Amino acid sequence: MTARLDKDRLAGKFIVLEGPDGCGKTTQQAKLAAHLAGLGLEVVGCKDPGGTAIGERIRHVLLDYDLAEMNVRCEALLFMASRAQLVGEVIEPARRAGKCVVCSRFISSTCAYQGAAGSDIKDILQLGRIAVGPPETGWPDLTIVLDVPVEEGFRRTGRQPKHAGKNRRRHVPGQSDLFEGPPADAMEARPLEFHRKVRNLLLDLPTYYPRPVHIVDASRDVEHVHRQILEVIAGAAL
Numbered sequence: 001m002t003a004r005l006d007k008d009r010l011a012g013k014f015i016v017l018e019g020p021d022g023c024g025k026t027t028q029q030a031k032l033a034a035h036l037a038g039l040g041l042e043v044v045g046c047k048d049p050g051g052t053a054i055g056e057r058i059r060h061v062l063l064d065y066d067l068a069e070m071n072v073r074c075e076a077l078l079f080m081a082s083r084a085q086l087v088g089e090v091i092e093p094a095r096r097a098g099k100c101v102v103c104s105r106f107i108s109s110t111c112a113y114q115g116a117a118g119s120d121i122k123d124i125l126q127l128g129r130i131a132v133g134p135p136e137t138g139w140p141d142l143t144i145v146l147d148v149p150v151e152e153g154f155r156r157t158g159r160q161p162k163h164a165g166k167n168r169r170r171h172v173p174g175q176s177d178l179f180e181g182p183p184a185d186a187m188e189a190r191p192l193e194f195h196r197k198v199r200n201l202l203l204d205l206p207t208y209y210p211r212p213v214h215i216v217d218a219s220r221d222v223e224h225v226h227r228q229i230l231e232v233i234a235g236a237a238l
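Numbering follows the numbering used here, in which position 211 of the sequence shown is assigned residue number 211; successive positions increment by one, without gaps.
None of these hints come from the bench; they were simulated from the model. Here the structure is a predicted model, which means the values were calculated and not measured. A portion of the hints provided could be inaccurate.
25 Å max Cα-Cα, derived PhoX-like pairs, lysine-lysine [as the list claims (entries may be wrong)]:
1. K122 to K31
2. K31 to K7
3. K47 to K31
4. K122 to K7
5. K122 to K197
6. K7 to K47
7. K47 to K13
8. K31 to K13
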């Protein structure tokens, strides 16, 4: 049975779908947006990083160049700059207009990916506050982490765990890893242990993130995961 959602309760809310590579964020974002629209809600879908003209320029810098020499703090600042523009240009106006915002990734991604690369989580959260404002206003009302084992995520994206960690000379694992469809050599360059750290930080997100987080088992089939997401939203204190 599909959970019943209250249209009025979701108006003006900001929901983020989060998770490691291969968890199904893109598919589930589309299904959730369609379901909410079917309730009569106006839905705004967005992506992080990017989602605005300025954000796409920043995304281009992060996606289309070798980041091996980029300082990890510089990388974090670029991601946060894209978010600042996304919140100011898209998310805040949509929420004020009573629309429901569904976004793929947000500050939670920086916590996981750059946290796995060695950045201090407290510093990342503070940087997030500077970029988008206090948690009570600029941050998501709800973050749903779609969890899959590292090996399953590799299988879904067509990679082999045995290749992880090879060809690493030009690649420094950081948040640049969370783009959809990066080159295969960059994918293989990420060590398996790095992926495991990312997953663990995402699973621990409810203990340190300043806004509500729920974990969903995304290893099941698409429809089952979709129903789980709707149940989480129905039961959340929004």
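Practice item. Verify the proposed pairing of K31 with K7, using a straight-line Cα cut of 25 Å. Key: Between K31 and K7 the Cα gap is close to 16 Å, so the pair holds against 25 Å.
Exercise for review: Would you check the hint for K122 and K197, treating anything up to 25 Å between C-alpha atoms as holding?
Suggested key: holds, 17 Å
Practice item. Below or equal to 25 Å on CA atoms is what counts here, so check K47 against K13. Key: holds, 16 Å
Review point. Given the hinted pair K122 and K31, is their alpha-carbon gap at most 25 Å?
Key: Judged against 25 Å, a Cα distance of about 33 Å means the pair is violated.
Practice item. Below or equal to 25 Å on CA atoms is what counts here, so check K47 against K31. Key: holds, 15 Å
**Study point:** Given hint K13 paired with K31 - CA-CA distance at most 25 Å
**Key:** holds, 17 Å
Review point. Quick one, are K122 and K7 close enough, alpha carbons at most 25 Å?
Key: violated, 35 Å
Point to revise | 25 Å limit on alpha-carbon distance, applied to hinted pair K7 and K47 | key: holds, 23 Å
Of the numbered hints stated above, those contradicted by the structure are hints 1, 4, listed in ascending order.
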